[in-house]
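4 protein chains.
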Amino acid sequence: MKIKQNQIQDTNKINLQSHQEKFDFLSNSLIKTGTDVQSIVNKLKDFQVAIPSWALGAGGTRFGRFGFYGEPSNLEEKIDDIGVLHSLTQTAGAVSLHIPWDIPSDYAAIKEKADALSIKFDAVNSNTFQDQKDAAESYKYGSLSNTSKAVREQAIQHNLDVIKIGDKLGSKALTVWLADGSCFPGQNNFQTAFQNTQDSLIDIYKGLPDDWKMLVEYKPYEPNFYSTVIQDWGASLMLANGCGDKAYTLVDLGHHLPNSNIEQIVSILQLKGKLGGFHFNDSKYGDDDLTVGSIKPYALFLIFNELVYGMENNPQNPDLAWMIDASHNVKDPLEDLIQSLEAIQEAYAKALLIDQKALKAAQLENDVVKCQEILQGAYRTDVRPLLAEARLKAGGALSPIEAYRSLNVRSQLITERGKHTVATGL
Amino acid sequence: MKIKQNQIQDTNKINLQSHQEKFDFLSNSLIKTGTDVQSIVNKLKDFQVAIPSWALGAGGTRFGRFGFYGEPSNLEEKIDDIGVLHSLTQTAGAVSLHIPWDIPSDYAAIKEKADALSIKFDAVNSNTFQDQKDAAESYKYGSLSNTSKAVREQAIQHNLDVIKIGDKLGSKALTVWLADGSCFPGQNNFQTAFQNTQDSLIDIYKGLPDDWKMLVEYKPYEPNFYSTVIQDWGASLMLANGCGDKAYTLVDLGHHLPNSNIEQIVSILQLKGKLGGFHFNDSKYGDDDLTVGSIKPYALFLIFNELVYGMENNPQNPDLAWMIDASHNVKDPLEDLIQSLEAIQEAYAKALLIDQKALKAAQLENDVVKCQEILQGAYRTDVRPLLAEARLKAGGALSPIEAYRSLNVRSQLITERGKHTVATGL
Amino acid sequence: MKIKQNQIQDTNKINLQSHQEKFDFLSNSLIKTGTDVQSIVNKLKDFQVAIPSWALGAGGTRFGRFGFYGEPSNLEEKIDDIGVLHSLTQTAGAVSLHIPWDIPSDYAAIKEKADALSIKFDAVNSNTFQDQKDAAESYKYGSLSNTSKAVREQAIQHNLDVIKIGDKLGSKALTVWLADGSCFPGQNNFQTAFQNTQDSLIDIYKGLPDDWKMLVEYKPYEPNFYSTVIQDWGASLMLANGCGDKAYTLVDLGHHLPNSNIEQIVSILQLKGKLGGFHFNDSKYGDDDLTVGSIKPYALFLIFNELVYGMENNPQNPDLAWMIDASHNVKDPLEDLIQSLEAIQEAYAKALLIDQKALKAAQLENDVVKCQEILQGAYRTDVRPLLAEARLKAGGALSPIEAYRSLNVRSQLITERGKHTVATGL
Amino acid sequence: MKIKQNQIQDTNKINLQSHQEKFDFLSNSLIKTGTDVQSIVNKLKDFQVAIPSWALGAGGTRFGRFGFYGEPSNLEEKIDDIGVLHSLTQTAGAVSLHIPWDIPSDYAAIKEKADALSIKFDAVNSNTFQDQKDAAESYKYGSLSNTSKAVREQAIQHNLDVIKIGDKLGSKALTVWLADGSCFPGQNNFQTAFQNTQDSLIDIYKGLPDDWKMLVEYKPYEPNFYSTVIQDWGASLMLANGCGDKAYTLVDLGHHLPNSNIEQIVSILQLKGKLGGFHFNDSKYGDDDLTVGSIKPYALFLIFNELVYGMENNPQNPDLAWMIDASHNVKDPLEDLIQSLEAIQEAYAKALLIDQKALKAAQLENDVVKCQEILQGAYRTDVRPLLAEARLKAGGALSPIEAYRSLNVRSQLITERGKHTVATGL
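Chains as they are written, first to last, in the working numbering: chain A, 56 to 481; chain B, 56 to 481; chain C, 56 to 481; chain D, 56 to 481.
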């Protein structure tokens with residue numbers, strides 16, 4: 056299924072005048088305070104977030120999974136789904152593959168399909184947290200950190216294979232998320248596990264093409280419930296530094312202990328030029344993988360404030376790999392992703408509204424009240440017209456959820472695919 | 056110091072036209088979607104939050120306190136400060152006294168002063184967490200829960216005294232916050248402490264005038280760091296039920312374990328007709344007592360969603376006692392309170408924007424995406440023009456912080472009072 | 056596979072003398088301080104903990120599951136496994152069934168088998184968190200709390216069916232754990248969900264035989280990640296009270312927010328006569344379902360201190376249903392359960408060592424240091440000889456893990472069952 | 056007041072025989088399993104923990120402080136108190152000064168007094184979280200991180216002064232705990248604050264004598280409640296690395312987010328040779344500063360397991376500065392410290408009992424059950440006889456708390472000093 060440009064234009068007609076009025080009013084009001092509205096709209100238009108190939112079917116928990124109708128059952132259909140998202144939102148112009156779930160059978164055909172939908176191949180993800188059928192070694196007790204050399208070598212080789220697959224598709228980064236750790240005190244020797252991980256990562260790093268990055272993800276717990284080898288940004292950074300200049304830390308919003316100040320982590324990593332990627336989701340308790348912006352939108356805004364600051368002031372830090380990493384347990388995955396993209400754009404737009412000059416002046420005067428006024432002033436602004444304008448200019452839908460529903464996308468997908476398909480990897 | 060009506064009108068002049076345009080645009084846009092804007096503005100105008108008498112000076116931590124210039128040094132000056140707040144915001148029309156810090160020397164004079172400033176006397180607060188000079192018994196090991204009958208009786212008597220003081224001023228509620236608990240396992244017998252507390256509360260309850268309420272606050276920890284007798288809403292409710300119909304649970308936003316779903320607590324208490332009061336503040340880690348809305352504004356909105364729902368659907372629940380309970384460690388206390396009042400009104404306004412009918416319909420269809428759209432739609436709306444309109448109609452300032460600064464309130468207070476005054480109780 | 060009495064006696068021979076010396080030394084030392092050692096040994100001997108039928112196979116997480124060889128594949132084999140546990144430890148004399156995973160095909164045969172192994176049928180567990188094949192209604196959006204009457208009725212009927220099954224086997228309690236809740240703000244109306252749950256529970260309660268109990272479990276989150284209908288003990292107690300005298304609260308150690316004081320909850324519930332059951336496990340982060348005592352053994356001891364106190368001082372509270380509820384992700388499930396039983400007995404024994412009279416005296420004098428000395432004195436005692444003695448007297452193994460290994464139980468199970476069996480429900 | 060050697064011997068007489076029996080029995084039992092008991096006793100004897108000069112009076116919270124009778128009111132009396140502790144426990148042979156609270160007036164006299172009591176001067180602590188009378192600049196908005204150069208310079212100079220004071224007394228380390236951070240989003244520029252802190256630390260580092268260490272403490276929150284500049288070990292390590300080889304990270308047990316795996320942090324820092332010091336206390340909620348070992352003794356044991364491992368296997372890491380950092384709110388401070396020292400020794404002794412060789416073998420076989428058995432086997436051992444033996448050999452009390460009470464230390468202190476003295480700095 057593919058949404059045509061004119062279908063979107065049709066759905067836009069109804070709201071077009073209302074949008075224009077709102078945009079004009081907001082725009083005028085912002086311009087009066089010295090905001091460069093056009094620049095913000097352009098930045099929003101350019102901002103693209105990768106969709107992971109595993110996020111297009113319903114997710115679940117250890118207590119079970121409730122399926123969703125019309126799920127994509129192969130890579131082609133997954134890319135079709137991202138095509139739907141991108142045509143509506145114009146901000147989902149990339150896919151992030153998970154290997155071995157999404158190994159293309161025909162590389163040329165897949166690339167062609169993605170190209171046709173303006174979808175790029177972003178970071179590729181390896182999987183050493185599950186055993187694959189017929190694999191010689193098991194990851195039950197760890198992969199890159201395992202005490203067994205044979206297991207480590209299998210896991211290293213898998214990562215090298217993933218790089219090769221990504222390379223054929225035009226990816227430029229490998230994301231390593233390691234579930235390695237322990238469930239009970241004493242199970243692991245922390246130092247051995249860390250050292251093994253460092254050595255394994257170095258071996259993978261050696262296989263990285265020159266123009267690639269390695270993104271090292273951290274997470275405090277789950278699926279291991281006593282310790283995780285790469286438990287926080289400090290451990291990730293240490294390992295990345297141990298590999299070399301092309302290795303970076305990747306921040307996933309859900310991978311933190313309660314009450315962590317994530318925006319500060321993001322800021323310091325950028326200062327050191329070591330923030331490489333970002334996974335979006337939201338959570339109330341742990342790694343809940345809820346829709347980004349659905350629980351703590353202000354925290355997301357504060358994080359974007361740091362990201363915007365870094366993008367403007369930290370040339371030592373590279374461009375970031377952006378990706379949504381949520382689990383769609385009770386929503387239509389595509390609608391959930393549309394809501395995610397909207398929330399990300401919203402936080403980005405509001406962060407762009409912050410008057411950095413005035414903020415800096417207030418900070419220098421320790422005018423804490425003023426600092427808060429400036430941040431809240433930007434945050435309280437209703438930026439939806441800016442987002443709609445950016446989408447409109449790029450050929451997307453004024454209101455993507457409404458368009459998705461009025462175009463009956465899901466029921467068409469069900470018709471095409473059937474009800475009880477299951478996405479690979481789920 | 057007293058702000059005159061015409062001073063406020065003068066400060067409003069600059070922004071009046073801009074406000075009118077914004078309000079009209081928003082109002083028209085909301086009316087199109089079926090919102091009764093006038094009703095919302097009226098509700099905002101009527102909403103009044105009590106200022107606690109201890110919140111007008113700088114706060115501190117166990118590591119020290121940095122004073123603020125021009126602090127009020129007696130009850131009269133505290134009421135003057137609230138008068139300033141109320142004249143600017145028109146939403147601070149009540150004071151909540153803390154006894155023994157604020158015992159009036161001349162009741163008639165204090166009432167007259169408060170009346171002149173349109174300030175009512177809301178719930179009175181007892182203090183059995185500190186020893187008073189020349190007190191016969193110490194609260195070091197608890198007050199209402201103490202194993203010593205003499206200590207309990209002193210604490211009960213103090214609460215009865217507080218009721219009498221409040222009664223003379225027109226208060227209609229007693230708030231009991233109990234620090235009682237233990238620092239180490241084994242220190243307390245949980246059952247004895249609970250039973251003693253219940254018995255003591257019943258004794259206080261007997262002294263409650265017929266038209267009064269008793270509000271029982273809960274808190275998981277601090278200043279005791281192992282256990283607290285009234286550790287959560289369940290314990291508070293049990294104790295309130297043990298007293299009688301006039302006893303209710305009071306919710307302080309900062310008094311919860313990490314990740315608590317406070318809005319659900321609020322909702323269930325209202326269902327049972329047992330939510331009596333509310334203390335506003337915000338926090339990232341514990342009972343941080345930061346400015347309400349400064350850290351988790353969306354959570355505040357979700358709580359207000361439940362409060363609005365309860366006010367409309369739960370006649371079994373009484374009117375609530377609203378109070379700000381924050382600690383002003385690095386801001387001018389008056390500016391901090393203005394920001395607090397603004398954040399409260401904002402959350403209230405946005406909650407009022409929720410289309411409850413549409414929400415209910417979406418819930419019945421399990422249309423989770425729609426439910427989220429409805430909530431986020433209300434939340435993303437910039438309601439500042441509604442707040443400004445409500446203030447304007449009531450005679451307040453369009454922009455209270457700006458007015459406070461342009462009227463040089465703090466420097467006048469310093470001139471009147473001197474720099475190094477210290478608020479009673481700090 | 057069945058372990059014979061003489062096999063155990065053989066394994067005991069090696070350590071018998073050493074055990075006798077240790078027990079005598081400890082016993083003499085305790086008797087000097089006034090401890091009734093014999094009474095403690097007898098209490099340990101009598102203490103029986105139910106094994107849930109789902110805990111005999113390897114567990115997993117949402118990221119996958121690593122199987123374990125020789126898992127039981129039907130109810131008969133599960134009871135065999137518990138028979139092994141019980142013969143070695145003499146403390147696992149009960150099974151807790153999960154329906155529909157463990158519906159007996161032949162009730163008489165199953166009862167006979169259990170009788171032969173001295174295993175009783177403890178509380179039965181219903182499952183309304185997963186959809187069963189061919190079920191008319193789905194629990195995706197809740198079961199007892201669902202807005203749809205048809206779904207609620209299906210869930211009620213399932214619980215009534217579970218009671219009937221349990222009744223045929225001699226069970227005397229139904230445990231209701233409800234996953235119901237929501238993943239996103241707005242998805243649920245808290246009050247409707249609560250009220251529906253209350254009504255549904257009342258309907259189930261009506262079907263409860265006179266000598267049965269209903270145990271209402273609570274949990275703050277997972278598998279729902281925004282709200283859970285029965286989120287804490289306060290909500291559970293409210294619902295139990297709404298049903299009647301035979302409804303109680305059930306505490307699962309892992310079902311609490313970070314830093315909860317569980318021992319206080321346990322204590323207050325017993326004071327009110329409303330603690331009905333207990334699920335053992337341990338955790339560092341969330342509901343990690345680790346081996347009880349493996350992470351926070353002192354907290355377990357403090358909880359047992361309250362349980363012992365309640366059993367001795369709270370006749371208003373009924374006998375408790377004890378059960379282990381852990382997930383065996385990286386250990387042999389049977390070894391894990393042996394370690395669990397040992398940790399429970401250890402905490403119980405240490406709690407029995409507390410000199411309650413001296414503790415009370417120290418509490419009355421506010422001698423906090425002494426209170427701590429008394430608790431730590433009991434906790435620091437090495438009680439393993441008491442546990443071994445209790446097992447020895449009951450016909451169990453001095454060292455169950457050693458005996459399990461030296462008797463090659465797992466390899467025999469693999470021989471009997473094959474490697475790749477999967478326990479029902481996993 | 057000074058406890059004489061023969062007084063201690065007198066108190067030991069009563070328990071001497073009982074101790075000897077217990078020690079012999081345990082010793083024999085341990086020797087059979089291959090444990091070198093004598094070596095463990097010697098290590099315990101050698102292990103010395105510094106007492107901070109501020110911990111000898113009652114502590115408090117932001118809600119107030121309940122004083123304790125007979126508190127030391129000057130440095131001489133504080134050292135007397137530590138002398139009492141050391142004579143009883145033989146493990147408190149060092150003091151850690153807090154400047155400016157404890158600047159000696161007569162260095163020679165103080166050194167002589169300390170020498171006579173066998174007390175060394177361990178790390179000195181600077182204070183830039185409170186304003187000192189007549190100080191030119193205020194630390195309200197930060198010290199080493201402040202945007203004002205004048206403030207930073209004052210704070211740097213203070214640290215240099217502290218080094219000089221420590222140098223005169225024989226200290227070899229400076230501990231920098233920085234309260235710097237922010238209370239509200241936007242108040243600070245994270246990068247500027249971090250960079251200023253790094254630059255300030257480098258300036259202090261330049262003033263460090265060659266044989267000194269600089270210990271950089273981290274803490275996630277309090278007294279700032281939104282962000283802290285040195286929020287975790289990653290930030291501390293980054294700053295230490297930015298200073299040079301003599302700068303290290305200091306771990307305070309209470310300075311972590313909920314559920315942190317502290318033992319892993321400790322282990323990795325030792326692997327990198329960067330763990331410099333350790334502050335002991337315990338907590339249930341935040342930085343509660345309770346008696347070490349009173350809440351989570353097993354976690355303390357796990358940490359000591361890593362420390363013991365590091366001391367034996369990480370020559371790249373220096374000797375550690377050990378210190379107790381607790382707040383004595385409801386106990387006699389000296390008794391509280393005795394309980395702390397006992398808990399530390401207990402954890403150390405149990406960690407020394409771990410059979411590292413067997414543990415390593417079990418880890419290599421992924422025998423998780425065995426790993427747990429080994430750790431729990433050591434932990435479940437009652438090591439009190441080992442501790443008593445170590446004290447006895449060193450001339451201390453078999454049972455320090457009992458001796459302290461039977462010698463009426465506190466009442467003598469009250470007689471000497473009066474009831475209402477207040478320790479400097481409180």
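It is possible that part of the hints are untrue.
The list treats identical chains as one, so a pair stands whether inside a single copy or across any two.
SDA-like mimics (lysine to any residue), calculated; alpha carbons at most 20 Å apart, straight line [unchecked claim]: (1) LYS188 to PHE121; (2) LYS188 to TYR124; (3) LYS204 to LYS474; (4) LYS448 to SER73; (5) LYS474 to PRO313; (6) LYS327 to GLY297; (7) LYS59 to TRP267; (8) LYS195 to LYS474; (9) LYS204 to ILE86; (10) LYS474 to ALA190; (11) LYS87 to GLN187.
Hints are computed from structural coordinates only; laboratory data are not their basis.
Structure-based check of all given hints:
no. : hint             : in the structure
1   : LYS188 to PHE121 : between (25 Å within a copy, 12 Å between copies)
2   : LYS188 to TYR124 : between (27 Å within a copy, 17 Å between copies)
3   : LYS204 to LYS474 : neither (44 Å within a copy, 25 Å between copies)
4   : LYS448 to SER73  : within (16 Å within a copy, 29 Å between copies)
5   : LYS474 to PRO313 : neither (39 Å within a copy, 40 Å between copies)
6   : LYS327 to GLY297 : both (15 Å within a copy, 12 Å between copies)
7   : LYS59 to TRP267  : neither (34 Å within a copy, 63 Å between copies)
8   : LYS195 to LYS474 : between (34 Å within a copy, 16 Å between copies)
9   : LYS204 to ILE86  : neither (62 Å within a copy, 36 Å between copies)
10  : LYS474 to ALA190 : between (32 Å within a copy, 17 Å between copies)
11  : LYS87 to GLN187  : neither (60 Å within a copy, 46 Å between copies)
Taken one by one, the earlier hints fail for this structure at numbers 3, 5, 7, 9, 11, listed in ascending order.
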